[in-house]
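Asks: Protein sequences appear in the order of chains A and B.
In terms of numbering that gives the first Met the number 0, the first sequence has 54 at position 55, counting the first letter as 1, and numbering is strictly consecutive.
In terms of numbering that gives the first Met the number 0, the second sequence has 139 at position 140, counting the first letter as 1, and numbering is strictly consecutive.
Don't read these hints as lab results, they were simulated from the structure.
Glycine included, each C-beta is placed from N, C-alpha and C at the ideal position.
There may be inaccurate statements among the hints.
Capping the alpha-carbon separation at 16 Å, the derived lysine to aspartate or glutamate pairs in EDC-like fashion look like this [said to hold, decoys possible]:
{"id": "1", "chain 1": "B", "residue 1": "Lys204", "chain 2": "B", "residue 2": "Glu178"}
{"id": "2", "chain 1": "B", "residue 1": "Lys159", "chain 2": "B", "residue 2": "Glu227"}
{"id": "3", "chain 1": "B", "residue 1": "Lys159", "chain 2": "B", "residue 2": "Asp128"}
{"id": "4", "chain 1": "B", "residue 1": "Lys204", "chain 2": "A", "residue 2": "Glu72"}
{"id": "5", "chain 1": "A", "residue 1": "Lys609", "chain 2": "B", "residue 2": "Glu86"}
{"id": "6", "chain 1": "B", "residue 1": "Lys159", "chain 2": "B", "residue 2": "Glu97"}
{"id": "7", "chain 1": "B", "residue 1": "Lys204", "chain 2": "A", "residue 2": "Asp527"}
{"id": "8", "chain 1": "B", "residue 1": "Lys204", "chain 2": "B", "residue 2": "Glu152"}
{"id": "9", "chain 1": "A", "residue 1": "Lys66", "chain 2": "A", "residue 2": "Asp82"}
Computed footprint of chain B on chain A, listed as stretches where at least three residues anywhere in the stretch have a Cβ under 8 Å from a Cβ of chain B [to be verified]:
{"id": "10", "region": "126-140"}
{"id": "11", "region": "196-205"}
{"id": "12", "region": "284-291"}
{"id": "13", "region": "413-423"}
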Amino acid sequence: MRLTSLGLVRGLIGYAVGLLLGMAVVVVSRLLMGMSVWEAEAAWVGGIIFAVIGFLGGVGALSDWLKWTRGAETPLLHGPPADKPAWTRYFGVDYNHKVIGIQYGVTGMFLLLIGGSFALVFRAELADSGISFLQPGTYNTFLSMHAWVALAAILLGVGGMANYLVPLMIGAADMAFPRLNAFAYWINVPAILTLLLSMLFGWDSGWTAYPPLSLRGPVGYQLVFLSIFSIGLSSILGSLNIIVTMLMMRPKGMSLFRMPIFCWAILATSLIQLTATQLIGQAFLMLSFERTLGMPFFNPLYNAAGENIGGQPLLFQHLFWFYSHPAVYVFVLPGLGIISELLPVFSRKPLFGYRWVALSSLAIALVGFLVWGHHMFTSGYGEYLRVVFMISTLLVAVPTGVKFFSWLGTLWGGRLTFPTPMLFTLGAISVFLIGGLSGPILATTATDLFLHDTYFVVGHFHATIFGGFVFPFFAAIYYWYPKITGRMYDETMGKLHFWLMTPGFWLMSLAQMTAGTMGMRRRIADYDPALGVENVHLLVTIAGFVIAFSVLIMIYNLFTSAEIGATAGNNPWRSRSPEWQIPSPAPEHSYARPIAVVGEPYDYGLAGSKYIASMGAGDD
Amino acid sequence: MLKLPQSSTDRKHFVIVGALVLVVTILLGFALLAILPVKAQSSVQAEPIRWLFQLHIWLIAFLFALVSVFMFYALFVFRRRKHDTSEGEHFEGNTVLEILWTVVPLVLVVIFSFIGLQTLQQTTSGGDDIRVEAVGFQWAWTFNYPNGVTSAEMVLPVNKPALISLTSTDVIHSFWVAEWGPKQDLVPGMRTQLHVTPTEVGEYKLNCAELCGLTHWNMVATVRVVPEAEYTAWMEQKIAEQNIEVVSR
Ligand code: HEM
Ligand SMILES: [Cu+2]
Ligand SMILES: [Cu+2]
Numbered sequence: 000m001r002l003t004s005l006g007l008v009r010g011l012i013g014y015a016v017g018l019l020l021g022m023a024v025v026v027v028s029r030l031l032m033g034m035s036v037w038e039a040e041a042a043w044v045g046g047i048i049f050a051v052i053g054f055l056g057g058v059g060a061l062s063d064w065l066k067w068t069r070g071a072e073t074p075l076l077h078g079p080p081a082d083k084p085a086w087t088r089y090f091g092v093d094y095n096h097k098v099i100g101i102q103y104g105v106t107g108m109f110l111l112l113i114g115g116s117f118a119l120v121f122r123a124e125l126a127d128s129g130i131s132f133l134q135p136g137t138y139n140t141f142l143s144m145h146a147w148v149a150l151a152a153i154l155l156g157v158g159g160m161a162n163y164l165v166p167l168m169i170g171a172a173d174m175a176f177p178r179l180n181a182f183a184y185w186i187n188v189p190a191i192l193t194l195l196l197s198m199l200f201g202w203d204s205g206w207t208a209y210p211p212l213s214l215r216g217p218v219g220y221q222l223v224f225l226s227i228f229s230i231g232l233s234s235i236l237g238s239l240n241i242i243v244t245m246l247m248m249r250p251k252g253m254s255l256f257r258m259p260i261f262c263w264a265i266l267a268t269s270l271i272q273l274t275a276t277q278l279i280g281q282a283f284l285m286l287s288f289e290r291t292l293g294m295p296f297f298n299p300l301y302n303a304a305g306e307n308i309g310g311q312p313l314l315f316q317h318l319f320w321f322y323s324h325p326a327v328y329v330f331v332l333p334g335l336g337i338i339s340e341l342l343p344v345f346s347r348k349p350l351f352g353y354r355w356v357a358l359s360s361l362a363i364a365l366v367g368f369l370v371w372g373h374h375m376f377t378s379g380y381g382e383y384l385r386v387v388f389m390i391s392t393l394l395v396a397v398p399t400g401v402k403f404f405s406w407l408g409t410l411w412g413g414r415l416t417f418p419t420p421m422l423f424t425l426g427a428i429s430v431f432l433i434g435g436l437s438g439p440i441l442a443t444t445a446t447d448l449f450l451h452d453t454y455f456v457v458g459h460f461h462a463t464i465f466g467g468f469v470f471p472f473f474a475a476i477y478y479w480y481p482k483i484t485g486r487m488y489d490e491t492m493g494k495l496h497f498w499l500m501t502p503g504f505w506l507m508s509l510a511q512m513t514a515g516t517m518g519m520r521r522r523i524a525d526y527d528p529a530l531g532v533e534n535v536h537l538l539v540t541i542a543g544f545v546i547a548f549s550v551l552i553m554i555y556n557l558f559t560s561a562e563i564g565a566t567a568g569n570n571p572w573r574s575r576s577p578e579w580q581i582p583s584p585a586p587e588h589s590y591a592r593p594i595a596v597v598g599e600p601y602d603y604g605l606a607g608s609k610y611i612a613s614m615g616a617g618d619d
Numbered sequence: 000m001l002k003l004p005q006s007s008t009d010r011k012h013f014v015i016v017g018a019l020v021l022v023v024t025i026l027l028g029f030a031l032l033a034i035l036p037v038k039a040q041s042s043v044q045a046e047p048i049r050w051l052f053q054l055h056i057w058l059i060a061f062l063f064a065l066v067s068v069f070m071f072y073a074l075f076v077f078r079r080r081k082h083d084t085s086e087g088e089h090f091e092g093n094t095v096l097e098i099l100w101t102v103v104p105l106v107l108v109v110i111f112s113f114i115g116l117q118t119l120q121q122t123t124s125g126g127d128d129i130r131v132e133a134v135g136f137q138w139a140w141t142f143n144y145p146n147g148v149t150s151a152e153m154v155l156p157v158n159k160p161a162l163i164s165l166t167s168t169d170v171i172h173s174f175w176v177a178e179w180g181p182k183q184d185l186v187p188g189m190r191t192q193l194h195v196t197p198t199e200v201g202e203y204k205l206n207c208a209e210l211c212g213l214t215h216w217n218m219v220a221t222v223r224v225v226p227e228a229e230y231t232a233w234m235e236q237k238i239a240e241q242n243i244e245v246v247s248r
């Protein structure tokens with residue numbers, strides 16, 4: 000097998016060629032216009048734009064569409080490539096949603112490890128006061144990279160769950176637009192490459208990239224802007240695909256209120272992604288334009304009379320948070336859906352208040368659009384806005400509460416068992432509770448004026464993101480592992496992972512919040528020992544390393560169990576959901592025959608009830 | 000040992016859980032107040048912040064207790080026993096409960112909005128007996144007094160309402176003296192302001208709270224709160240040093 004027969008390798012070559020080509024185009028045009036030949040920033044911008052396109056061309060994500068322009072036939076191929084080992088299909092363009100789901104999920108997991116390692120680096124620096132090994136510039140780069148790499152990891156992880164599970168759960172053969180699906184995955188890869196390349200130059204604004212700071216720093220910024228723009232494009236296209244799939248391809252009998260609850264979470268998530276992502280794409284593009292072309296969107300410029308004839312720094316913050324607040328619900332709604340999905344299975348009871356849980360996802364998504372200004376309480380915008388955004392933010396607590404109470408209702412009176420996925424689900428609830436409850440104290444403006452930009456906020460959002468994404472994501476990995484591989488993970492290692500990670504995380508969150516109230520600012524490379532937070536920081540660092548170690552146990556578990564794990568059988572959890580009624584691992588064509596929905600999804604404990612039936616030939 | 004009822008709707012469960020919630024709320028409330036010491040306590044504007052923070056803590060303690068006690072109780076009582084192969088009780092929801100736990104939080108939201116509005120007003124208001132301009136730039140501060148005095152440290156008389164006017168010459172910074180409570184960003188091209196009435200004599204650190212580049216962590220200035228007489232003396236000395244003709248104060 001030749002190496003270049005792997006799409007990924009061809010893509011990387013395309014990236015390198017594109018980079019050089021793009022730089023050459025910039026150099027030549029500058030030459031023609033009589034400017035100095037080499038200007039690093041312009042050259043890199045040109046280079047990266049071509050590199051991303053080069054990658055997509057090389058990997059083959061554009062091939063079918065190009066063939067269409069020539070009117071050529073492009074049949075959908077199924078199964079692993081004929082002349083190559085089966086694993087190679089994961090390293091190239093493949094249209095099967097299960098393959099794409101795994102691609103998303105594994106890439107996401109990989110990024111989570113990279114992003115986590117960045118955090119370990121600067122946590123080690125913060126373990127005591129004084130600058131020991133990380134210089135402030137490098138510190139800022141690691142801090143900023145940690146955030147965007149972790150956020151990319153989450154977006155990909157969400158994409159993985161949605162792509163793998165939604166078509167399976169609604170009994171669809173695949174996604175509505177398989178080629179678009181592959182494209183939406185593959186554009187992430189050059190984007191991530193670009194993001195990592197930005198470390199060559201460094202950048203220092205944190206993930207929020209507030210101008211004017213982000214207009215001044217090194218070229219690394221441009222790579223970040225273009226990278227996030229591409230990842231945003233992936234979000235938009237991916238969510239469009241999911242919405243269409245969910246609305247158009249459900250089987251007979253599956254009304255919206257009979258979908259597995261995870262689908263509702265993904266529907267709400269996708270609506271946010273489809274509508275909000277343009278704002279951050281736009282905002283980062285404007286930053287890029289301002290830097291490259293000198294368009295004054297955000298940086299104030301003064302005329303002789305001292306009047307501002309330039310831009311307005313706060314405009315950026317509005318655009319940024321109009322996406323980035325709803326985005327936090329993109330991170331957590333799928334995870335909350337996983338919690339709602341798994342609790343009934345391990346309680347052997349119906350999901351308490353299905354409709355309320357379903358609609359609360361939509362409510363959170365909608366209210367989530369009205370609250371972005373709570374990130375700007377100290378920014379100096381109009382006084383009255385501080386009140387408006389306080390009230391709208393407090394409102395988010397209502398639908399969030401509905402979810403918690405419904406989960407309790409689901410547990411109550413069940414027959415609970417506690418294998419690893421259930422443990423992580425419960426861990427998720429406990430951690431999300433810490434995160435959610437620390438929200439309203441940030442929503443009332445007076446307290447936020449004190450807490451904003453301190454470690455209290457760091458504690459708050461890590462708890463929401465771990466409770467809303469990381470824990471449920473791990474629960475999902477353990478839970479669907481048998482469906483993906485056909486084998487069981489190792490239960491002892493799974494429990495060890497849980498019992499290291501969960502107390503570790505509780506400790507980390509609380510310690511972060513303590514540091515915050517004691518006056519520890521966020522995003523600082525060093526702190527004054529007079530604050531008295533050194534011990535607290537040491538705790539945070541130790542807890543961080545414990546969490547990281549526990550994740551390594553999971554990785555080891557997943558790798559070894561794929562070889563030696565016990566055969567899982569079709570439905571080890573005795574779930575009613577459609578994907579568990581087919582063989583494990585899920586076959587190439589998931590459902591041999593179309594399914595029909597004949598009952599409620601979560602009627603555990605109701606004798607004789609069925610959720611789905613397989614339609615025989617001629618049933619339709 | 001206490002024999003727990005099997006049916007999930009038995010009154011006894013709720014009595015036990017209710018009692019546990021009460022106990023856990025109280026323990027947790029005090030524990031949280033102990034591990035979350037609010038540093039803001041040396042200005043008039045810090046008072047409403049502390050007060051509201053503590054109110055929040057008690058609500059948090061209660062809600063945390065409510066959810067976690069119900070959860071752990073359920074995990075214990077409704078765990079599957081050995082050799083039990085039955086399914087859970089079949090109930091799909093309860094509309095009255097759902098409405099209850101939508102409406103009660105809504106009422107809490109209204110109450111907290113009202114309290115939030117009042118505390119906001121208190122923490123962002125005050126007089127302007129003393130006026131100072133603080134200018135932030137990468138990575139230091141200067142302070143300008145209306146009489147023309149310029150200083151690298153900020154000196155304020157104790158118990159006198161001060162209005163600090165803020166601006167930046169390069170990127171966004173944020174003015175924060177943790178002991179005073181609120182912070183306020185400095186935005187290039189804009190002028191923002193912060194009210195503070197320091198109530199305790201002492202030396203404090205003014206920190207930049209908005210990431211502003213390479214040595215953001217070290218963008219510090221000293222702030223001294225001194226008795227009125229000392230303030231006047233300091234000011235006079237500055238005026239003499241800087242050769243300023245005092246027009247008015
Ligand atoms: C649903 C899960 C939630 C997630 C994922 C989440 C995430 C975040 C994140 C990432 C930030 C920090 C942004 C930054 O400054 O860089 C943040 C800040 C904030 N969150 Fe949440 N949050 C959640 C729930 C809530 C809830 C329920 C509330 C209030 C009811 C809330 C209120 C706030 C406020 C007011 C801030 C601004 C704090 C500040 O910067 O000073 N959050 N949240
Ligand atoms: Cu937000
Ligand atoms: Cu600063």
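Asks: Run the distance test for Lys159 (chain B) versus Glu97 (chain B): straight-line Cα separation, threshold 16 Å.
Replies: violated (52 Å)
Asks: Report holds or violated for chain B covering the region 413-423 of chain A, Cβ cut-off 8 Å, minimum 3 residues.
Replies: Since 5 is at least three, the answer is holds.
Asks: Please count how many residues of the region 284-291 of chain A have a CB within 8 Å of a CB from chain B and say whether that reaches 3.
Replies: violated (count 0)
Asks: Are three or more residues of the region 126-140 of chain A within 8 Å, CB to CB, of chain B?
Replies: With 3 residues closer than 8 Å to chain B, the region 126-140 of chain A meets the three-residue bar; holds.
Asks: Would the hint linking Lys66 (chain A) and Asp82 (chain A) be met if the CA-CA limit is 16 Å?
Replies: Violated, at roughly 23 Å.
Asks: Given the hint that Lys159 (chain B) pairs with Asp128 (chain B), test it: the Cα-Cα distance must not exceed 16 Å.
Replies: The given pair, whose Cα atoms are some 6 Å apart, holds under the 16 Å limit.
Asks: For the pair supplied as a hint, Lys204 (chain B) and Glu152 (chain B), is the alpha-carbon distance within the 16 Å limit?
Replies: Since the Cα atoms of Lys204 (chain B) and Glu152 (chain B) sit roughly 10 Å apart, the hinted pair holds (cutoff 16 Å).
Asks: Given the proposed pairing of Lys204 (chain B) with Glu72 (chain A), does the C-alpha separation stay at or below 16 Å?
Replies: violated (71 Å)
Asks: Is the Cα-Cα distance between Lys204 (chain B) and Glu178 (chain B) 16 Å or less?
Replies: Holds. Lys204 (chain B) to Glu178 (chain B) sits at ~9 Å (cutoff 16 Å).
Asks: Quick one, are Lys159 (chain B) and Glu227 (chain B) close enough, alpha carbons at most 16 Å?
Replies: Holds. Lys159 (chain B) to Glu227 (chain B) sits at ~8 Å (cutoff 16 Å).
Asks: Taking beta carbons only, do three or more residues of the region 196-205 of chain A come closer than 8 Å to chain B?
Replies: Per the Cβ count (3), the hint holds.
Asks: Would the hint linking Lys609 (chain A) and Glu86 (chain B) be met if the CA-CA limit is 16 Å?
Replies: holds (15 Å)
Violated hints, listed in ascending order, are 4, 6, 9 and 12; each of the other numbered hints is respected by the structure.
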